[in-house]
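Chemist: Residue numbers (my numbering), protein chains in the order written: chain R, 900 to 1215; chain U, 900 to 1215; chain Y, -2 to 285; chain H, -2 to 285.
Simulated from the structure, these hints should not be mistaken for laboratory data. One or more hints might be untrue.
One side of the interface only, derived from the structure: several residues of chain U facing chain R at Cβ under 8 Å [what the hints assert, rightly or not]:
id: 1; residue: L945
id: 2; residue: G1015
id: 3; residue: I1017
id: 4; residue: T1053
id: 5; residue: P1055
id: 6; residue: R1057
id: 7; residue: T1082
id: 8; residue: L1105
id: 9; residue: T1114
id: 10; residue: P1129
id: 11; residue: A1130
id: 12; residue: L1163
All C-beta atoms, glycine included, are put in the ideal place defined by N, C-alpha and C.
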Amino acid sequence: MSRSTLTPDPRPLTPDLSVTIGSLRLKNPVLVASGTFGYGTEYAGLVDLSRLGGIVTKTLTPEAWPGNDPPRAAETAAGMLNSIGLQNVGVEGFIRDKLPYLQTVDTAVIVNIGGGPIEEFVAVAERLADCDGIDGIEVNMSCPNVAGGMDFSTDPRRAAQLITRLRKVVDLPLIAKLTPNVTDIGEIARSVEEAGADAVSAINTLRGMAIDVKTRRPKLGGITGGLSGPAIKPVAVAAVWSIARRVTIPIIGIGGIMSTEDALEFLIAGAAAIQVGTANFVNPKTGTDIVAGLDTYCAQEGITSIRSLIGSARVP
Amino acid sequence: MSRSTLTPDPRPLTPDLSVTIGSLRLKNPVLVASGTFGYGTEYAGLVDLSRLGGIVTKTLTPEAWPGNDPPRAAETAAGMLNSIGLQNVGVEGFIRDKLPYLQTVDTAVIVNIGGGPIEEFVAVAERLADCDGIDGIEVNMSCPNVAGGMDFSTDPRRAAQLITRLRKVVDLPLIAKLTPNVTDIGEIARSVEEAGADAVSAINTLRGMAIDVKTRRPKLGGITGGLSGPAIKPVAVAAVWSIARRVTIPIIGIGGIMSTEDALEFLIAGAAAIQVGTANFVNPKTGTDIVAGLDTYCAQEGITSIRSLIGSARVP
Amino acid sequence: MTPPSSPSPVFQVRAEVVANRQIGPGLYWIDLAAPEIVEHARPGHFVHLVVSDTTPESPCPVWMQYTPLLRRPFSIAEHDRARGTFSLIYRVVGGGTHILSTRRAGESLDVLGPLGQTFVPIQSGRPVVMIAGGVGIAPFFFLAQEAIQAGRARPQDMTVLFGAATASLLSGSDKFRAMGIDVSLATDDGTAGFHGFVTVLLEDLLRQNPSRCAYLYVCGPTPMMRRSAALAKEAGLLGQMSLEGIMPCGVGVCMACVVPCVRPPAGTVYERVCVSGPVFDLQEVILP
Amino acid sequence: MTPPSSPSPVFQVRAEVVANRQIGPGLYWIDLAAPEIVEHARPGHFVHLVVSDTTPESPCPVWMQYTPLLRRPFSIAEHDRARGTFSLIYRVVGGGTHILSTRRAGESLDVLGPLGQTFVPIQSGRPVVMIAGGVGIAPFFFLAQEAIQAGRARPQDMTVLFGAATASLLSGSDKFRAMGIDVSLATDDGTAGFHGFVTVLLEDLLRQNPSRCAYLYVCGPTPMMRRSAALAKEAGLLGQMSLEGIMPCGVGVCMACVVPCVRPPAGTVYERVCVSGPVFDLQEVILP
Ligand SMILES: Cc1cc2nc3c(=O)[nH]c(=O)nc-3n(C[C@H](O)[C@H](O)[C@H](O)COP(=O)(O)OP(=O)(O)OC[C@H]3O[C@@H](n4cnc5c(N)ncnc54)[C@H](O)[C@@H]3O)c2cc1C
Ligand SMILES: Cc1cc2nc3c(=O)[nH]c(=O)nc-3n(C[C@H](O)[C@H](O)[C@H](O)COP(=O)(O)OP(=O)(O)OC[C@H]3O[C@@H](n4cnc5c(N)ncnc54)[C@H](O)[C@@H]3O)c2cc1C
Ligand SMILES: Cc1cc2nc3c(=O)[nH]c(=O)nc-3n(C[C@H](O)[C@H](O)[C@H](O)COP(=O)(O)O)c2cc1C
Ligand SMILES: Cc1cc2nc3c(=O)[nH]c(=O)nc-3n(C[C@H](O)[C@H](O)[C@H](O)COP(=O)(O)O)c2cc1C
Ligand code: FES
Ligand code: FES
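Please model the entire structure based on the sequences and the hints provided.
Modeler: Structure follows, in structure tokens:
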């Protein structure tokens, strides 16, 4: 009779939090979202980056980009608007100044790319494909803050074209990031799946606007901007749910996540991983707190692998 | 020399709060939204209905309708989800039991109608066209809570068809109520304007979902539902702004309005009137408080007619 | 059970918090001053509260003042006409009740009430049993008190069966005893009274002492109400229960708080708990 | 003015509220205990606060605890290494600052800091003027105090020009006087000091007593900063100013808080106020 049957091990099994996104294995399903965590360095002193499932970096364009006129942010009810307009260091600046540090961090590095015409996306992707230390590419097809930036993810045909082109130059896991500002997000997801995306992430920000009634001026220099934060969580959960009904590739859920409960809601709705966005500004430790929270939750509920939670919603 | 030039009147001029929606003149721009104020009677003891610009009644279908399975509501961050599913007394029940009281109230009565196929809308509209005491018809093309209920306002062609048919049977001001769950709400607005709508109202609720992570069940019997309340205000303001860029007919702004400031934001963005929805549940006097607030605001700012505020946003 | 054609008037008032004290683990008792509401309140009525601090002078935007957004419903547990106050018993289960527990005497709350359908009053010569689980006890203080004060019924004709998870959540049973009412307790963990479900006490009573129960009032968690209704049906006993439901408006306009009810000949129809209830006849509701 | 390659460390701590008291109409002074932050704080640094009550044990959902959602930035006004406390002066202008004003001694706040670029320290033998509008005075307590305590400069070489809407908002001028610093006041309504803009005092000083001003520090409303920068330019005077900006993150990741800066040869570039500022050289920023 083996020892284990005589004296039960008092320590509960360590739950397996790992998930896979295409060929990419994440140590846990908690990523930080593009544009809300810089390039990793900024929060390195405050957050143990190696505890995160991964870091998604700010959207890169071929050249450094100045962004929109300020003001670029406004607080709203349980949310915020931004019209950053993709200010970024450009792909070369990233490779030179930011990537070396990221390569030293023991977490998945997913680089988010953007652009105007398809060729710009392709140029950035090709350049990144040559680099070490990049674990995946997320395609920001959906940024509402640059002119024409939305077309790729509001038209299923164009979305597919973009992904098809990128698929040719990128072997890395390719994640299509979708906008909620469409009639049928499931249809867009379906078309990028067919075009060869390894995963979709949803959602980017909702189109929104606020006006200062004293000055009668829009609160954003870009007039309209993107709404994020807890306010949009129900919209994001519904998006994940709809997409899960239409595709078989993994879904990364994003939108208003601030707590372990929020993360669980997305997993149960069908997300294989989640990203923490705006909440990083509020509490930079949100992501790592959620990792700890998922661990505790699984241990308490006797869940051996978090993968068993994905899409586990109970419906009549 | 007249007395008035000798002793200046200490009372400021009473600002003119009246606005017009097609041929309908409202004493002020503050309405209460469909589904959030019943048929007027319920709040009559708490609110001086005659102070309101108008009352929009719960969506009517040809027959009384049972609605969705409970639970039908869930609270979210600065908002709520509902999946009522258009439970209503039916057009005959309305005419028999609800209209007589509404006819006695000194405020505009706008009846909101809905249905599945176009014929149902037409049937309800024709029946109402015979009745006295109805000042306008709002067409709920956008309810996300009944199967097929969204098609009319996600496809510009079908939206136009519906309005064209209704225009033939209705002389009353015809207001098309739009959903935000579309790629381009301005395009839908444009098509209903061409089809003969006198005004558009925007927005109905955003599609959303919430899951109870303990039971793993959706918090709504209808699984997904409609998000309303302050959380969605930025989306609603952006919708009004976009529509104002595309149509010349009046816009009625709806979404998350709780205060005079909120109402002003919509007017400045381009709305000729506004509707208070979810806020009625929170404070039934929200609408009448806003009327008083607009009055004070105009008096203080020396605004003689509130119409001068409509679309007065200052942009570079 | 449609609402009466002339329902009692409903008021929206700023009620001063007279006292707000903890009476058990996560369990609170709050006294609110609102003479208009007190005057019209009847046993079974509930109020709908804004738990947060809303003052027109606040520099906070209005949405921020209303956080959480929706009102919270609570049954009236006691009223004092002389002082113009009424009382609630509430358990902290989430954000809204937590915020309520932090409100201090001297502050004021926005209250809507009295709301809903009331209990059939306890009548002389008809022995009643009130069976409660947890904070479901709240409306029964009012129900018993009112009948005794009005001289309509004697405490000897009333029995309270009161169950909770543990002894410290049974706060209030003394109040019934002080009125002269017989109280039997049950706890899930056996720390007080019977070790088990309170419905077992009802079962025993109906078997051993059926004359003590000519009418049944029920309030508590759904399984307890379902079981009580079943026991009443078996025994051919009439009675009422007070239900809960997610209530955005509390006054019948939003159609959110519905429960399926048996309504022959129409069959099953959705009734609003806030205006057709919260008090329903024991057999009319199809409990989930 | 890019951030130094090894910036001072940033901490996220729960800081205990040691005191939080009103010092004028809508004007407050708060002392917070956070030894790590105090140790590294230099004049010009700011902190980023969660104004609301966030405790892991709260039954409120996390989003509700963070209402309003974003942190609020405030300049460090004073620090006390011995006690491990730092102080802020803040004006209630909206929901966030209102909630901050309700926090009581003994409670704790989530604080991120110290953040941003600091002032060039006041140096011996270089007379300086600090010109402030309203709560813009806050960082100058720290600036003056630090230089005097370090023995790097004499109070006689410092001048404070302090303007506000009205006398009761000039709270704190005694503190400078107590240090031996010359203070001139200005109010929009003439209730104290010069009746008019504080920049007129600067204009007069630069004309009548230019030797009192070899370096200029500016903090206050935009028009005041614009005018001060213009006067400095005319006088060929170097100096710095501390800017504000909507700051979601405060640490340089969100790119929201930018101001256009003159950066030859690149031309105009957007710099982040939170990491490239809030302290900038007087002539480098293009003020709106
Ligand atoms: C008619 C009626 C009378 C009630 N009387 C009492 C009473 O006397 N004492 C008492 O402690 N509780 C009572 N309740 C339940 C009480 O309303 C809820 O516990 C409370 O609303 C929970 O709010 P929360 O923010 O703390 O919880 P959360 O779970 O955070 O609330 C989230 C949302 O769900 C709703 N909700 C959650 N639980 C309930 C529930 N059980 N019933 C209805 N809505 C719920 C809330 O109102 C809110 O909209 C009564 C409910 C109803 C409908
Ligand atoms: C580096 C820095 C230092 C500051 N130091 C001080 C100080 O020492 N004392 C003081 O009283 N104030 C200071 N401020 C301004 C202070 O941050 C704002 O007054 C405060 O954030 C207003 O919050 P609220 O919720 O009360 O106002 P609301 O107007 O309701 O705030 C809405 C949003 O706008 C932002 N906001 C509003 N006003 C400002 C502003 N002037 N600057 C930046 N963001 C703003 C808020 O942070 C919030 O995100 C400083 C600002 C910055 C950037
Ligand atoms: C300030 C800010 C900047 C952002 N920048 C980007 C970006 O560069 N690329 C991108 O794909 N998404 C960007 N986003 C969107 C977020 O990655 C995320 O999809 C969105 O904010 C919703 O998540 P949240 O509610 O958790 O913030 C940005 C969001 C914010 C708030
Ligand atoms: C409980 C509830 C029921 C509603 N029912 C209807 C309806 O029957 N018909 C309709 O056109 N809109 C309906 N609406 C949408 C509102 O009229 C309004 O468009 C929406 O709630 C946004 O406004 P708000 O944020 O102010 O609530 C309903 C909204 C709620 C919350
Ligand atoms: S709570 Fe709105 S109808 Fe009952
Ligand atoms: S506040 Fe985010 S970059 Fe400055």
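Chemist: None of the hints should be skipped; say for each whether it holds.
Modeler: Hint-by-hint comparison with the structure:
Among the interface hints, the one on L945/U is violated; its C-beta lies about 25 Å from the nearest C-beta in chain R, farther than the 8 Å criterion. Violation of the interface hint for G1015/U is found here, the shortest Cβ-Cβ separation to chain R being roughly 19 Å, above the 8 Å cut-off. With 8 Å as the threshold, the beta carbon of I1017/U stays out of range of chain R, its nearest partner Cβ sitting at about 20 Å, so the hint is violated. Look at T1053/U: its Cβ gets to within about 5 Å of chain R, closer than 8 Å, so that hint holds up.
Given hint, P1055/U at the interface with chain R, is violated; its Cβ is 11 Å from that chain's nearest Cβ, farther than 8 Å. A cut of 8 Å between beta carbons decides the hint on R1057/U: the least distance to chain R is about 12 Å, and the hint is violated. For T1082/U, the suggested interface contact is upheld, since its CB lies about 5 Å from the closest CB of chain R, less than 8 Å. Hint on L1105/U holds. Least Cβ distance to chain R is approximately 5 Å, under the 8 Å limit.
With its C-beta approaching chain R no nearer than about 7 Å, T1114/U sits inside the 8 Å limit, and its interface hint holds. For P1129/U, the suggested interface contact is upheld, since its CB lies about 4 Å from the closest CB of chain R, less than 8 Å. Here the hint on A1130/U is kept, as its CB sits about 4 Å from the closest CB of chain R, short of 8 Å. Taken as an interface hint, L1163/U checks out: its beta carbon lies about 4 Å from the nearest beta carbon of chain R, inside 8 Å.
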